[in-house]
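Dock chain B against chain A, hints included.
Here are the chains, one letter per residue:
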Amino acid sequence: GAVVSQHPSWVICKSGTSVKIECRSLDFQATTMFWYRQFPKQSLMLMATSNEGSKATYEQGVEKDKFLINHASLTLSTLTVTSAHPEDSSFYICSAYPGAAETQYFGPGTRLLVL
Amino acid sequence: LAKTTQPISMDSYEGQEVNITCSHNNIATNDYITWYQQFPSQGPRFIIQGYKTKVTNEVASLFIPADRKSSTLSLPRVSLSDTAVYYCLVVLSGGYQKVTFGIGTKLQVIP
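Residue numbers (the numbering used here), protein chains in the order written: chain A, 1 to 115; chain B, 1 to 111.
Only chain B is shown next, with the shape it has when bound in the complex:
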């Protein structure tokens, strides 16, 4: 299982774009990068998943460079409700998806 490294915490003002970078130097060819969001006392919620280049959905964008050794989750115009812990995971495609959660990034949005 590839290990991931993220900043422990980040602060941002409301309305700003937030970029959270994750390092995964040991990512394997068949691994996907997946991001989850977790609020206190709730289960993680899937945000976005990608393999390479850029993926965008209604919530976020995920940027993955060609070497795939890192990825950046971009949250546009954050609001107070985006205050949460964000986890970057490397997931084997087609496998049973056993994953290891790192410490995650605690994002605090400030009014």
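Next up, chain A with everything else stripped away, as it sits in the complex:
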């Protein structure tokens, strides 16, 4: 149980294009989903917190107009990197929190390379 998937697992795009990453909780409903970014040899950095049906809360320094988050249902959240640039190349990881005293469960990550 407690499986989180991400799609795609990797993506290469041209500078200036937009990329959408999906995060799904497969066998549970997630009251909250989180999006992280991880650069090589660094730790995970929280980008934003999203709750189903409401606007995401972004961490300081994260541009909300560049990283659009939609949490349309209790099992799906999407992150859209708009007008991607090479500096947005990173490993993007989502997690889903079932609520109560549970822990959050992480997806496998999406590798984004912007050329």
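Any given hint might turn out to be false.
[To be verified] Some residues of chain B that are not near chain A, with every Cβ distance over 12 Å (derived):
id	residue
1	12
2	14
3	16
4	40
5	42
6	47
7	48
8	54
9	63
10	65
11	76
12	81
13	82
14	110
[Claimed, not checked] Examples of chain B residues lying across from chain A (beta carbon under 10 Å, computed):
id	residue
15	32
16	38
17	44
18	45
19	49
20	98
21	102
22	103
None of these hints come from the bench; they were simulated from the model. For clarity, every value in this text was computed on a predicted model and none was experimentally measured. Here a beta-carbon is modelled for each residue, glycine too, at the ideal position from N, C-alpha and C.
Below, chain B alone, put in the same frame as chain A:
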């Protein structure tokens, strides 16, 4: 959010028991201690979570002293496949679990 401190790296030979200690001096009453494992290019994987004393599962044990200002993750008889980064997190119980990842401990298992 309580800050955690862990050793940056550790080496161990195969078959040995590995203990990774984490300090969390500012832990609050309702906080739980959670450990994750991360392999390169993968998302973190939940290992174990505890509040106090000792917790054991099929993968690891977690020791938490009475003052809860530190915790120790114990991995019995490590193998090469246990080479990974291990993160100690302090998580608010019942909350939405916003967490801050520290640098983690890079465990290298040597044959």
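Checked hints:
no.	hint	in the structure
1	12	holds (21 Å)
2	14	holds (24 Å)
3	16	holds (26 Å)
4	40	violated (9 Å)
5	42	violated (6 Å)
6	47	violated (10 Å)
7	48	violated (10 Å)
8	54	holds (18 Å)
9	63	holds (18 Å)
10	65	holds (21 Å)
11	76	holds (22 Å)
12	81	holds (17 Å)
13	82	holds (18 Å)
14	110	holds (20 Å)
15	32	holds (8 Å)
16	38	holds (8 Å)
17	44	holds (5 Å)
18	45	holds (7 Å)
19	49	holds (6 Å)
20	98	holds (6 Å)
21	102	holds (6 Å)
22	103	holds (5 Å)
Hints 4, 5, 6, 7 from the earlier list are contradicted by this structure; the remaining hints agree with it.
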